[in-house]
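Q: Chains as they are written, first to last, in this note's numbering: chain A, 14 to 192; chain B, 58 to 217.
Don't take every hint at face value.
As the list claims (entries may be wrong) - Some, not all, of what chain A presents toward chain B, calculated at C-beta under 8 angstroms:
{"id": "1", "residue": "K93"}
{"id": "2", "residue": "R125"}
{"id": "3", "residue": "Y127"}
{"id": "4", "residue": "V130"}
{"id": "5", "residue": "Q135"}
Read the hints as simulated data drawn from the structure, not as lab findings. Beta carbons are placed, not taken as given, at the ideal position from N, Cα and C, and that holds for glycine.
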Amino acid sequence: MGLESKLINDGFFTTTVDALAAWARESSVWPMPMGISCCAIEMMASGDPKYDISRFGSEVMRFTPRQCDLMIVAGTVTYKMAHVVKKIFDQMPEPKWVIAMGACTSTGGMYRSYNVVQGIDQFLPVDIYAAGCPPRPENLLNALMQIQEKIGKTRVKDFPDPPHVSHEAKQNDLSLSKN
Amino acid sequence: MKELLNEKLTKQFPNIQFEVIEQFGELTLKFDKSAIVNVCAFLKDEDGLKFIFCEDVTAIDWAIRKNRFTVVYHIFSMENKFRLCLKVDVDESECSVESVSSIWKAANWAEREAYDMYGITFLNHPDLRRMYMPEEFEYHPLRKEYPLMGIPGAIPLPKK
Chain A
14 MGLESKLIND GFFTTTVDAL AAWARESSVW PMPMGISCCA IEMMASGDPK YDISRFGSEV
74 MRFTPRQCDL MIVAGTVTYK MAHVVKKIFD QMPEPKWVIA MGACTSTGGM YRSYNVVQGI
134 DQFLPVDIYA AGCPPRPENL LNALMQIQEK IGKTRVKDFP DPPHVSHEAK QNDLSLSKN
Chain B
58 MKELLNEKLT KQFPNIQFEV IEQFGELTLK FDKSAIVNVC AFLKDEDGLK FIFCEDVTAI
118 DWAIRKNRFT VVYHIFSMEN KFRLCLKVDV DESECSVESV SSIWKAANWA EREAYDMYGI
178 TFLNHPDLRR MYMPEEFEYH PLRKEYPLMG IPGAIPLPKK
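Please model the entire structure based on the sequences and the hints provided.
A: This is the structure we're talking about:
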């Protein structure tokens, strides 16, 4: 049907590890739906069959930060909530990205008040701002596509291993010492 | 209902001056804050009145007036289908009023909110903590002198 039908007899591609890893990462961005207020409704709408976020490989909304690559902060972040958002963000494994969805999240929006954080970039590294109040699902999908473009340009060396010793390395060490 | 209230209250509390105001189709009674617990308990328990439902406890900041704050109680009588508003003045120098949460449990959180937003202390309240703002917050944001955009650094943000 597609390209693979032309390559039946032991067909193969050549590519680089960088390109393959970036392609795999950008095609399966799992979002953390940080739905705090009304923007969350549009975020849900972008998951329904009409807009269908699964066309971009991002339909797997995980409600645990430990399985996510992308945090969609959808809604007004108060100072009290900011600590919760930050705590959840810190639990996400690297590499990770952030979409600031909507006017409130990006700038405080219409809540120019003492209790609302005037833009979550004061405490989170935001990659894409989606404008609108709330942004339509197309706009969120556009933000997702821009994130994908950004991920597509990354290289494996951009995400070095964390300094701690991995489980496999510990096992190897143990087996070596036995020998 | 107004006559019944008038009759019962003057009979029960001959020493208390009740100022009766009618506005927004609602009856308002204004009196001294020292009587608040006795009057509320009477309104709740007296046969024929039975104001068993405390809808809200809130406050007004008049900023420059002598008695700066007014604490407002909205109570409702299911039996008479009648809503009553009680008002007591509180001055900033003695910024406290007796709690009515022993009479209506619903007043507990409402009084906490009024304390959080205006800094009015409700005496003998079982659990007078802030309702919305963080525990370590030092101000009372609905007071007129508090700026709309807040005081920078009053509520800490997480580090980037």
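Q: Taking the hints in turn, state whether each one holds.
A: Evaluated hints:
1. Taking 8 angstroms as the C-beta cut-off, the interface hint given for K93 of chain A holds, the closest approach to chain B being about 6 angstroms.
2. Because the beta carbon of R125 of chain A sits about 7 angstroms from the nearest beta carbon in chain B, less than 8 angstroms, this interface hint is met.
3. Annotation: Y127 of chain A was flagged as interfacial toward chain B, and the flag holds, the nearest CB pair being 3 angstroms apart, inside 8 angstroms.
4. The beta carbon of V130 of chain A is positioned within 8 angstroms of a beta carbon in chain B (closest approach about 7 angstroms), and the interface hint is therefore held.
5. Given hint, Q135 of chain A at the interface with chain B, holds; its Cβ is 6 angstroms from that chain's nearest Cβ, closer than 8 angstroms.
In terms of the numbered hints stated before, the structure departs from none.
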